[in-house]
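Assemble chain L onto chain Z, guided by the hints.
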Amino acid sequence: MKIYTFLQQNDGKPNRNSLEALAAAQQLAEQTGGSVSAIVFGSNIETITDYDLAEIIQLQNVELENFNPLAYVSAFENLINAENPDMVVFGHTYETRDWVPRLSARLDIPFLTDCIGFKNEDEFVFTRQINQGKINSDVKTTGLTIISIQSGAFRLDSLKSGSASTREFTVDLSGISQSIRKGEKFQEAKGSVDLSRAEVIIAVGRGIGKEENMDVIKELAKALNAEIGSSRPVVDYGWLPHEHQVGSSGQTVSPKLYFAIGISGAIQHQVGMKSSDNIIALNKDENAPIFEIADFGVVADLFEIIPKLTEKINSLS
Amino acid sequence: MKICVLIKQVPDTDSVIKISNDQKSIEMEGITLATNESDSYALEEALLLKEDQGGEVTVLSLGGESCQQVLKDALAKGADKAIHLDDDDYKDLDILSAAKVMVNVLKDKEFDIIFSGLQSDDIGNAQLGLIMAELLDTSHASLVMGTEILDEKTIKVKQELEGGWFQWSELDLPASITIQSGLNKPRYASLRGIMMMKRKPLESIKVSELNLENTSSKSFVHKLYIPQKTKETVFIQGSADQVVDGLIEKLTNEIKVL
Chain Z
1 MKIYTFLQQN DGKPNRNSLE ALAAAQQLAE QTGGSVSAIV FGSNIETITD
51 YDLAEIIQLQ NVELENFNPL AYVSAFENLI NAENPDMVVF GHTYETRDWV
101 PRLSARLDIP FLTDCIGFKN EDEFVFTRQI NQGKINSDVK TTGLTIISIQ
151 SGAFRLDSLK SGSASTREFT VDLSGISQSI RKGEKFQEAK GSVDLSRAEV
201 IIAVGRGIGK EENMDVIKEL AKALNAEIGS SRPVVDYGWL PHEHQVGSSG
251 QTVSPKLYFA IGISGAIQHQ VGMKSSDNII ALNKDENAPI FEIADFGVVA
301 DLFEIIPKLT EKINSLS
Chain L
1 MKICVLIKQV PDTDSVIKIS NDQKSIEMEG ITLATNESDS YALEEALLLK
51 EDQGGEVTVL SLGGESCQQV LKDALAKGAD KAIHLDDDDY KDLDILSAAK
101 VMVNVLKDKE FDIIFSGLQS DDIGNAQLGL IMAELLDTSH ASLVMGTEIL
151 DEKTIKVKQE LEGGWFQWSE LDLPASITIQ SGLNKPRYAS LRGIMMMKRK
201 PLESIKVSEL NLENTSSKSF VHKLYIPQKT KETVFIQGSA DQVVDGLIEK
251 LTNEIKVL
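Here the protein sequences come in this chain order: Z and L. Numbering-wise, the first sequence is residues 1 to 317 according to our numbering. Numbering-wise, the second sequence is residues 1 to 258 according to our numbering.
For reference, chain L alone in the conformation it holds in the complex:
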């Protein structure tokens, strides 16, 4: 089974986000970067499938040079090959254009399954997996919480719906599947894995050197800003004892639950 996992490097969820002076991008200085959370679960699902079915896992990331780190982490966990699409001189792709760039590299590789996280923790388009399915003419399923290979041409997936409902679906392979977090327990890299990683292939391709057509973006960031509060929050400040007294006062007199 040939599996590809699309991985994005994003600001760590605890990062304090600041807006750049141009008001169109995030200030990257001082930000801790990490693997997008649902992508970690997608990678784990791919590694579990490989262990069960045999085959090979390729990881791909589109981004600046720093995103080689998330690829190295994936190789250390057990992925076999990595492809870095370096967009340092080809920035500001919208999601449809970014997908076209990835398809340009993946179209001849005949993957049985392309896994991705259901959405990125930064931009949150929640579209990539389905766009890939359309451009590569495969089946798809989004928000997947479980997978089971039925035979060499079919995979069964458990999809999450709203309000605690689920649905099983069957997909013909090849398929593009977007993974919801929580369906497995992403592993840590072993020491041996980290040593092995150094010998695994990590190919870096400059996006500007690809032979691309029709990849100009059709949506553009106009302005970023900090959202206005919808509520005036009363902050309770001071030492720990003062905060506790403040909370007791609110719980007793204003909220009336004590």
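Just chain Z, with the same shape it has in the complex:
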């Protein structure tokens, strides 16, 4: 199997999720007796020449220097049509989400996003999480297929080192549409909450029900001298500022204790907290995905447990 994988670069360094995708591609090649070629846009390839690859394919073009989805799609369309790989592997990054579905439509080929693995049992299948992580779905495809790999699903320390030759692939992108014009990247004013240094995080999710109930969480956090984190819906509803959000679009944390209260544990939340030393999860739904990664679990109504717990902790000190 001829496998192509794209190494997205950010600030001159390969994107972490892209390298995880490279690890996935290497394992795919091993299972199928195939080869891996890494595709790089731009001139900066020193950082990736130490991996076990059949080759590095370098595309140098002024239109590829900064992210332009339409130029990226055309470049890959040219490459794939010229070289006919069997599989193309990406990291499921925010950037690839902004162009690879379009590539799939342009080439009329299937694209399986956010895969967490693959296996060859009775058939070769890719595994995706559906219904917010409650169910795994094994999917098969026909013909040339694009997949993207979930952040954190493959480990960087499983990357095989080695050497790779480099060749150039030339594309003509002179007529590319400029109908999408990307501006400067920016960060909004940083808040005062630095969850990455917190030893204990009390994290609150949709289960809290309404803003007026937040005091239940604040009092527990005070009793445990903890910072307050949250899942995305709590921020979306305006119950906490964005700086409290943990997950793929918020902060990544690994405290000594992460106490998840009323958080179902969608994948986007888990990637931000699953490496915590200890995870306690309290949820009224025993099937909530958060319990898949929790060390300690409580299936209960948070309002019956948390105020009592706070009271008890306060009485101890």
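No lab work stands behind these hints: they were computed from the structure. Cβ atoms here follow ideal geometry from the backbone N, Cα and C, with glycine treated the same way. It is possible that some hints are incorrect.
[Stated by the list, open to error] Quick list of simulated restraints, FRET-style, between CB atoms:
{"no.": "1", "chain 1": "Z", "residue 1": "Glu65", "chain 2": "L", "residue 2": "Gly54", "range": "53 to 61 Å"}
{"no.": "2", "chain 1": "Z", "residue 1": "Ser163", "chain 2": "L", "residue 2": "Lys91", "range": "46 to 54 Å"}
{"no.": "3", "chain 1": "Z", "residue 1": "Ser174", "chain 2": "L", "residue 2": "Asp137", "range": "18 to 26 Å"}
{"no.": "4", "chain 1": "Z", "residue 1": "Pro307", "chain 2": "L", "residue 2": "Phe235", "range": "15 to 23 Å"}
{"no.": "5", "chain 1": "L", "residue 1": "Ile149", "chain 2": "Z", "residue 2": "Phe124", "range": "43 to 51 Å"}
{"no.": "6", "chain 1": "L", "residue 1": "Thr154", "chain 2": "Z", "residue 2": "Asn10", "range": "24 to 32 Å"}
{"no.": "7", "chain 1": "L", "residue 1": "Gln69", "chain 2": "Z", "residue 2": "Glu286", "range": "22 to 30 Å"}
[As the list claims (entries may be wrong)] Taking lysine-lysine pairs in the DSSO-like style, the calculated list, with each CA pair at most 27 Å apart, reads:
{"no.": "8", "chain 1": "L", "residue 1": "Lys107", "chain 2": "L", "residue 2": "Lys218"}
{"no.": "9", "chain 1": "L", "residue 1": "Lys231", "chain 2": "Z", "residue 2": "Lys256"}
{"no.": "10", "chain 1": "Z", "residue 1": "Lys182", "chain 2": "L", "residue 2": "Lys2"}
[As the list claims (entries may be wrong)] Far from chain L by the CB rule (all over 10 Å, computed), these chain Z residues:
{"no.": "11", "residue": "Gln58"}
{"no.": "12", "residue": "Glu63"}
{"no.": "13", "residue": "Asn78"}
{"no.": "14", "residue": "Arg155"}
{"no.": "15", "residue": "Ser158"}
{"no.": "16", "residue": "Ser161"}
{"no.": "17", "residue": "Gly162"}
{"no.": "18", "residue": "Ser174"}
{"no.": "19", "residue": "Gly297"}
Chain L alone, transformed into the frame defined by chain Z:
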């Protein structure tokens, strides 16, 4: 401004999901259905744009008969027209094929903007908006957290990137834009809206009766199953007092934060 919003009906996020006997689908019996969360934000953004710029909002949903409910909810909130693509006898479309079916109905309608949620809460492909852009030859932007019309041919969008970064982009219209949740406050339907809804057009089209080419799926669900746990969770059980005592014991002796 002619705006279309693509809306999906999905199991409510609190639903307990069970797998059907064929191991290829979800048991729908007893499941509460709702509008996909990011689609609600997409609809709100469309309604705000209409109020600001004038124009018309059409909502479209592909699914079984039940999905007329999410269309009716959208009409009650202020959308002007609804199109239901009834797939009851045309199931198991993968996302690329589903997009082709929608394009078949939308291609001659000359929308300035197609809004959709960034991904569905059930299947989570996170692809539809970009596939629509390619098939309809429009510009696109994904993960959008803000919009601003610059002139009749240009829209400015704020896109979310990883780790708290953002980026403004300008798009030529027509554009297909996928909306991230949280950028606005989706409204509730007013009583008047609910009364008005009954007089608004809701067109239902059977997918099997469309003149479709090249819409057979290229990806197929092989098997669904409950994920294996990566950790052995110790459950603390009993009355509220027993659970509290259990938690205090873990916090003190095992996690050592007390």
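Going down the list of hints, with the structure as the test:
no.: 1; hint: Z:Glu65 - L:Gly54: 53 to 61 Å; verdict: violated, 40 Å
no.: 2; hint: Z:Ser163 - L:Lys91: 46 to 54 Å; verdict: holds, 49 Å
no.: 3; hint: Z:Ser174 - L:Asp137: 18 to 26 Å; verdict: holds, 19 Å
no.: 4; hint: Z:Pro307 - L:Phe235: 15 to 23 Å; verdict: holds, 21 Å
no.: 5; hint: L:Ile149 - Z:Phe124: 43 to 51 Å; verdict: holds, 47 Å
no.: 6; hint: L:Thr154 - Z:Asn10: 24 to 32 Å; verdict: holds, 27 Å
no.: 7; hint: L:Gln69 - Z:Glu286: 22 to 30 Å; verdict: holds, 28 Å
no.: 8; hint: L:Lys107 - L:Lys218; verdict: holds, 23 Å
no.: 9; hint: L:Lys231 - Z:Lys256; verdict: holds, 17 Å
no.: 10; hint: Z:Lys182 - L:Lys2; verdict: holds, 24 Å
no.: 11; hint: Gln58; verdict: holds, 25 Å
no.: 12; hint: Glu63; verdict: holds, 16 Å
no.: 13; hint: Asn78; verdict: holds, 16 Å
no.: 14; hint: Arg155; verdict: holds, 13 Å
no.: 15; hint: Ser158; verdict: holds, 16 Å
no.: 16; hint: Ser161; verdict: holds, 26 Å
no.: 17; hint: Gly162; verdict: holds, 29 Å
no.: 18; hint: Ser174; verdict: holds, 19 Å
no.: 19; hint: Gly297; verdict: violated, 4 Å
Hints 1 and 19 from the list above are not met by this structure, while the remaining hints are.
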